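So the protein lines, in turn, are chains Z and X.
The opening residue of the first sequence carries number 1 in the UniProt record's numbering; numbering runs sequentially from there.
The opening residue of the second sequence carries number 1 in the UniProt record's numbering; numbering runs sequentially from there.
In case anyone wonders, no lab produced these hints; they're calculated from the structure.
Fair warning: there could be bad hints in the mix.
[Stated by the list, open to error] Reference excerpt, derived from the structure (chain X facing chain Z, CB under 10 angstroms, subset only):
| id | residue |
| --- | --- |
| 1 | Ser125 |
| 2 | Thr128 |
| 3 | His160 |
| 4 | Asn428 |
| 5 | Asp604 |
| 6 | Tyr616 |
[Unchecked claim] Ranges between beta-carbon positions, derived for each pair:
| id | chain 1 | residue 1 | chain 2 | residue 2 | range |
| --- | --- | --- | --- | --- | --- |
| 7 | Z | Gln23 | X | Ala277 | 48 to 56 angstroms |
| 8 | Z | Ala144 | X | Glu390 | 22 to 30 angstroms |
| 9 | X | Gln453 | Z | Glu57 | 53 to 61 angstroms |
| 10 | X | Pro707 | Z | Ser80 | 40 to 48 angstroms |
Here the structure is a predicted model, which means the values were calculated and not measured.
Where is the CB? At the ideal position from N, CA and C, for every residue including glycine.
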Amino acid sequence: MHIGNYIALAHHSEQELTKAFRQVAEHHKDEPDIEQICQLLATWSEKHVNELKTFIERYSEENSNEPERLTQSLFEEPRSGGGALLRDLHDLWLMANEAELCWIVLSQAAQGLHDKKLEAACARFRDDTKRQLAFLLTRIKVAAPQTLIAAD
Amino acid sequence: MEQTRDSIKDIWGERTPYEGHWPVRVDELTEEAPDRWVQSACVLCSNGCGMDIGVKDGRIVGVRGRAVDAVNHGRLGPKGLQGWMANNSPDRLTRPLIRRNGKLEEASWDEAMDLIVRRSNDIISKKTSLGIGFYTSGQLFLEEYYTLAVLGKAGLGTPHMDGNTRLCTDTAAAALKVSFGSDGQPGSYTDLDTTEAILHVGHNIASQQTVLWTRILDRLAGENPPKLVVIDPRETFTAMKATVHLVPRVGTNVPIMNGLLNLIIQAGHINPDYIDAHTVGFEELKQLVSQWSPERVEAISGVPATKLREAARILGTAKTLVSTILQGVYQSMQATAAAVQVNNLHLIRGLIGHTGSGIYQMNGQPTAQNTRECGADGDLPGFRNWGNPEHIEQLARLWNVDSNIIPHWSPPTHAMQIWRYAEKGSINLLWISGTNPAVSLPQLERVRSILQQENLFVVVQDAFMTETAQYADVVLPAAIWGEKTGTFTNVDRTVHISHKAVDPPGEAKPDFEIFLDYARRMDFRDKDGAPLIKWKTPEECFEAWKECTRGRPCDYTGMSYAKLSEGSGIQWPCNEQYPDGKPHLYEDGVFNTSIDYCETYGHDLVTGAAATKEEYKAKDPKGKAFLKGADYEPPHEEPDEEFPLWLTTGRLVYHFHTRTKTGRSRQLNEAAPDAFVQVSDEDAARYGLKTGDLVEVASRRGKVVEPVLVGDIEPGLVFIPFHYGYWDDPGRKRAANELTLTEWDAVSKQPHYKYAAVRIRKI
C-alpha cells in the first residue's frame with residue numbers, strides 16, 4: 001500500500017505552503033492585505049499539518065523528496081522589484097494547487113479504504129485549500145494589469 | 001440673527017411626542033430676511049433633510065426645513081441650520097492655481113485644464129490610463145458622479161476610481177450585496193413611526209444624524225415607545241437613552257452578533273416559514289453561531305451574559321424592528337461579517353419588507369449613495385456586476401462604446417490600493433475632488449509623503465485651500481451646494497433636488513462643468529466618432545442617468561427635475577409601476593440575487609476572494625437572500641506593554657468630515673473648537689490627568705498632542721474625534737489619523753479606524 005507515501009507528500013506540501021505564506025506575508029508587509037491574509041492562510045495550512053498527524057500514525061508516513069524539490073525551485077530567494085508580489089503570489093498559487101491535488105488523490109484512496117475519517121478530513125482540507133486558491137487568484141488578477149503595464 | 005431654536009444649546013429641539021404620524025416642526029435660522037426661498041436639501045450628513053435656502057441680494061442668508069418633506073417634516077439639525085455660512089466664507093478658492101517653482105500661483109482655467117490634459121496624455125502614451133487615478137467624494141451631486149464615472153470608465157478606461165465613501169459606507173454596500181444581491185436599503189424612515197424595537201450597532205445616531213434621532217426621541221416620548229438596544233463601547237448620547245446598552249471591547253462585534261443570533265435561534269424566536277421560502281444557508285449559520293454561548297461572548301467581549309440575554313429577548317420578540325449600523329462596525333475588524341449578521345437577524349425573523357421593519361446599513365455622507373449608484377467608486381453604474389459580461393454590454397450599448405474599454409477584468413481598484421499604486425509609482429496622476437485625504441485617510445505621515453512624491457501629479461478640486469490642496473500641483477476652485485443644481489439620494493433611497501440659489505464666488509465652477517470640460521478637452525469619442533458625453537446641463541445628465549437605471553434596482557425612470565421640485569423628495573425605485581416611489585424593497589421576499597440580476601457573485605467573508613459566475617451558478621439562489629456568517633478573528637494590533645491603550649476615533653455632533661465647512665461656521669466652531677482625547681476616570685487617575693491637561697498620544701505610526709477630557713468611556717480605551725486637521729491651527733499635531741492603521745476589511749476594503757494601540761504621556 002502506497003497511501004503513506006501520499007500522506008507524506010500532502011504533509012510536506014502543507015508544511016512548505018505554511019512557510020511560503022509566512023514568507024510572502026513578511027516580504028510584502030507594505031501591502032497590508034497581503035500581510036494579513038497570508039498570515040491567516042498560513043494558519044490554515046498549519047492546522048492541516050497538525051491534523052494529518054493521526055493519519056500519519058495510522059498509515060505510517062513514508063518520506064519522499066518531491067515536495068521539497070518543488071518548493072525549492074519556486075522560492076529560491078526573496079524577490080524584490082515591481083513584479084515581485086505578482087511572482088510570489090503566482091508561486092503560492094502553484095504550491096496551493098499541489099496541496100489541493102493531494103487532497104483529491106487521498107480522498108479517492110480514502111473512499112477505496114472506506115476510511116470515513118480520512119475522507120471527511122480530505123474534504124475539509126480541500127475546502128480550505130480552495131479558499132486559499134480563490135484568494136490568490138483574485139489578488140493575482142487585480143495585480144496583473146498594473147504590474148505588467150504600469151509599474152516602473 | 002433670527003432662529004426658531006438654539007440648536008447649539010439644545011441639539012434636538014423640543015419634543016413632539018407621537019406614534020404613527022410624526023408632527024411637523026419647522027426649524028429656521030436666518031441672518032437677514034430673505035427675498036426668496038430656493039428648494040434644496042441638506043448636505044451635512046446622510047439623512048438628507050429637505051430644506052429651503054434663503055437668498056437676499058444674491059447671497060445666502062439662511063435656511064429653513066421643508067415641512068412637506070418625508071425625511072424631516074421641517075426639522076433641521078445644528079449642522080444644517082448653520083453649515084451654509086461656509087458658502088459666504090472670505091477664504092473661498094476663486095481662481096485656479098498651478099504650482100510653479102514650488103509655489104501655488106494663480107492661473108487661468110485654460111492654463112490649468114491644458115496642463116492636466118497634457119499630463120494625462122503624456123501618461124497614457126507611456127502606460128495607458130492605468131497611470132491615472134481618481135479619488136472623489138460623498139459630497140458631490142449625482143450628475144457629477146455619473147459624468148465622472150462615464151469619462152473614467154468609457155473615456156479613459158481606468159479601473160482606478162473610488163470615493164472617500166470607501167472610508168465611510170463601503171461596508172454598507174458590501175453587506176447589502178452579500179445578503180440581498182445588490183446595494184439598496186430595504187426600509188424607510190417611516191418604519192421608525194411605528195416600530196416596536198430599535199437596534200443601533202456602532203452607530204451614535206444622536207450625534208451623527210440628529211434629525212433622525214429627533215424622530216426616535218419623539219417616539220420615546222410618545223405612546224408605546226419602542227425598546228432601544230445600543231451596542232457601543234462609549235456612553236454616547238444614543239447609549240444614554242438605551243433600554244439595554246451593550247458595551248463591547250473594541251473589535252468584538254462578530255462575537256456579540258453571533259451570540260445574539262444564537263440566543264434568538266435557541267429560543268425559537270425565528271420565522272421558519274420565511275427562512276424556508278426566502279433564504280439559503282440557515283443550517284450553516286445556525287451551526288456557526290451555535291458555538292457562541294453568552295458565557296463565551298462575555299469572555300471575549302466583556303459584555304455580561306445577562307445583558308446579552310436581555311438584548312436578545314427584545315430583538316427576538318419585537319414584532320417589528322428597525323436596525324441601524326455604522327462606523328463602529330464598518331471601521332472595525334470583520335466589518336462586513338459583522339454588518340451582515342444584522343441582515344441575518346432580520347431575515348431569520350422575517351422582519352423585512354413591511355411597515356415598521358427596516359435595516360439601515362448607514363451612509364456617513366450626504367451623497368455617498370450616489371457615489372455608489374453612479375459608479376464613481378468601486379462599483380459599476382446602476383448596481384451592475386463587473387463579473388457579468390451582459391451587464392458590461394448594457395453599459396457599452398448605453399454609451400455607444402466598445403465593451404473592451406470598460407475596465408471589468410477585475411474588481412475596480414479600491415481607494416487604499418489607489419494610494420498604494422501612487423506610492424509605488426505606477427499611478428502618476430491622482431485627481432482628488434471634494435475630499436481631504438491629508439486629514440481623513442489613516443496614517444497621515446504616509447499620505448503626506450505620497451502627495452509630495454516627485455512622480456505624482458496631484459489635482460485637487462475643492463472650495464477651500466484644504467490640507468490636501470496645499471500639496472497639489474493644480475488646484476481647481478469648485479462651486480458647492482447652493483451654487484449649482486443637481487440631485488442626491490439619502491440613506492432611505494429618497495432623492496432630493498437642490499436648485500442653484502446663488503452664483504459661485506469668482507471663477508469657481510461646479511464639479512459637473514469641470515468634468516465636462518476635461519472630457520471635451522480630452523476629446524473622448526463614442527464608437528461613431530461623436531462626443532462620448534452628450535449632455536451639457538445637469539438636467540440632461542439626469543435624463544441620461546435615468547436610462548442607465550432602467551430595470552435596475554435603483555430605477556429613477558419615473559422621476560424628473562419637475563417632479564422632484566414639486567414637494568417632498570421621492571424614493572427609488574420610481575418608475576411606471578411605482579410612480580411615487582416605493583417605501584419598502586423586498587415586500588414579496590424576492591431579493592436581487594438571481595444570477596442575471598445580482599450586483600456581485602459574492603466574496604469569501606474572511607479572505608475577500610471573489611466568487612466566479614460558474615461558482616455562483618452552482619448555488620444560484622434565484623431570488624432568495626443569503627444567510628452568511630464568519631467566525632471571530634481578533635484585531636491585528638492589540639494593546640501591549642509598549643502601547644497599553646486602545647484608541648478609537650469618531651465624530652462630534654457639531655462637525656462634519658474634516659470641518660472644511662463646519663469649521664467655517666462661527667457657532668459650530670465655537671461649540672467644538674478643538675480636538676481632545678477622552679479618557680476614563682480610572683485611566684485619568686492612573687496617569688494623574690484632569691480635564692484640560694495636555695497629553696501626548698503616540699502609536700507606532702505617529703504622535704498627537706491633545707487636551708484631556710475625562711469620563712464616559714471604558715477604562716483602557718481612549719477616543720479622539722477625527723475632524724480636526726491643520727488649516728486653522730497648524731500649531732500642534734492634532735489629527736487623530738496621525739495614529740491610525742493602514743489596513744482594511746477583506747470584503748468592503750474599508751479602513752480600520754476604530755482601533756489602534758497607543759500610549760499617553762502628560763506633558
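Here's how the hints hold up against the structure:
no., hint, verdict
1, Ser125, "13 angstroms, violated"
2, Thr128, "6 angstroms, holds"
3, His160, "9 angstroms, holds"
4, Asn428, "8 angstroms, holds"
5, Asp604, "6 angstroms, holds"
6, Tyr616, "13 angstroms, violated"
7, Z:Gln23 with X:Ala277: 48 to 56 angstroms, "49 angstroms, holds"
8, Z:Ala144 with X:Glu390: 22 to 30 angstroms, "24 angstroms, holds"
9, X:Gln453 with Z:Glu57: 53 to 61 angstroms, "57 angstroms, holds"
10, X:Pro707 with Z:Ser80: 40 to 48 angstroms, "45 angstroms, holds"
Checked against the numbered hints above, the structure violates hints 1 and 6; every other hint is satisfied.
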